[in-house]
Amino acid sequence: MSALISGAMAMAYAVSGLFFLRFYKDTADRLFLIFAVAFGLLAAQRTLLTVLAERPDAHLALYVVRLLAFVLIIAAIADKNRASTPSG
Amino acid sequence: MATIVYALCALTSIACAVLLLRAYAAGRVRLLLWAGLCFVGLALNNVLLFIDMRVVPDMDLSVWRSLPALAGLALLVYGLVWESR
Amino acid sequence: MSRGDLPAEVARFLAEHIDAAEQLDILLLLHREPEREWTARDVSQAIYTVPASATLRLEGLAASGFLASTGGGDPCYRYAPRSEALRRQVDVLADAYRADRVAVIKLIFSRPPSPVQSFADAFRLKGKGS
Chain A
1 MSALISGAMA MAYAVSGLFF LRFYKDTADR LFLIFAVAFG LLAAQRTLLT VLAERPDAHL
61 ALYVVRLLAF VLIIAAIADK NRASTPSG
Chain B
1 MATIVYALCA LTSIACAVLL LRAYAAGRVR LLLWAGLCFV GLALNNVLLF IDMRVVPDMD
61 LSVWRSLPAL AGLALLVYGL VWESR
Chain C
1 MSRGDLPAEV ARFLAEHIDA AEQLDILLLL HREPEREWTA RDVSQAIYTV PASATLRLEG
61 LAASGFLAST GGGDPCYRYA PRSEALRRQV DVLADAYRAD RVAVIKLIFS RPPSPVQSFA
121 DAFRLKGKGS
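Chains as they are written, first to last, in the numbering used here: chain A, 1 to 88; chain B, 1 to 85; chain C, 1 to 130.
Since the hints were made in silico from the structure, they are not lab data. One thing to keep in mind: the hints can contain errors.
Claimed, not checked - Capping the alpha-carbon separation at 30 Å, the derived lysine-lysine pairs in DSS-like fashion look like this: (1) C:126 - C:106; (2) C:106 - A:25; (3) A:25 - C:126.
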């Protein structure tokens, strides 16, 4: 059950990431590129959590990957609000 | 250390949810509603993760804590497919 | 056509195909001289913009079926609508623009932003336009 849920989430993160990538291609707005990378990381993290379920020592490293994804999202928001650069 | 990770993830999700839902309230662009709800789900996921790890370590909430995130992501994918053009 | 009273089909055409005044300028420029082939540089000089921006608009108009492009590294573009219906719509638009330029421009600027653009704008802490 939890593998099914994890698989569905990983796929949803990946598909969303692809949409963000396309939005980046359409608008050249850096925010979408960063979101695409962040969601890609979240998809990878979710997948690895399942693949490495038997290795609890790996879990902390995987949560750092999740942290990195969210830090990227913060960076995207900060970048969007830097008054000197209209990023799109 | 882990607490800080969960807290930061939760706070970021909440911030995104607030920004998106605020913008939805202003302009009624439906994509923002679905995206905002997705980040609410991700925030709940992170909060439940914290509770699972720190508050009730003897219980395993791993399926329960994923459900809000899964629901949120389903709404986001729905919104991206139908409302992004 | 009476002033301040744009035909509904002009409004529909604008909503569907035109999202910027510059894009309209370029379309109508090529429409005025249908036999002529334009490079991005020609267009950029004619409407006072940069070649990169002109290229973006020209490629977009070609992809939407208004222009023919010779392709390659430095393509030439020519007014060549994909269908008779499109050709007629642009003719009507050109007449409307000649009759009431202000109304057409106003319609372009009152167009709601795309959902994708709104998503990006949502992350501006101060809100758009400030």
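Hints, verified against the model:
For the hint pairing residue 126 (chain C) with residue 106 (chain C), the CA-to-CA distance comes to about 26 Å; that is within 30 Å, so the pair holds. Pair hint residue 106 (chain C) plus residue 25 (chain A) holds up; C-alpha atoms about 28 Å apart against a cutoff of 30 Å. Note on residue 25 (chain A) and residue 126 (chain C): the hinted pairing holds, with a Cα-Cα distance of about 25 Å set against a maximum of 30 Å.
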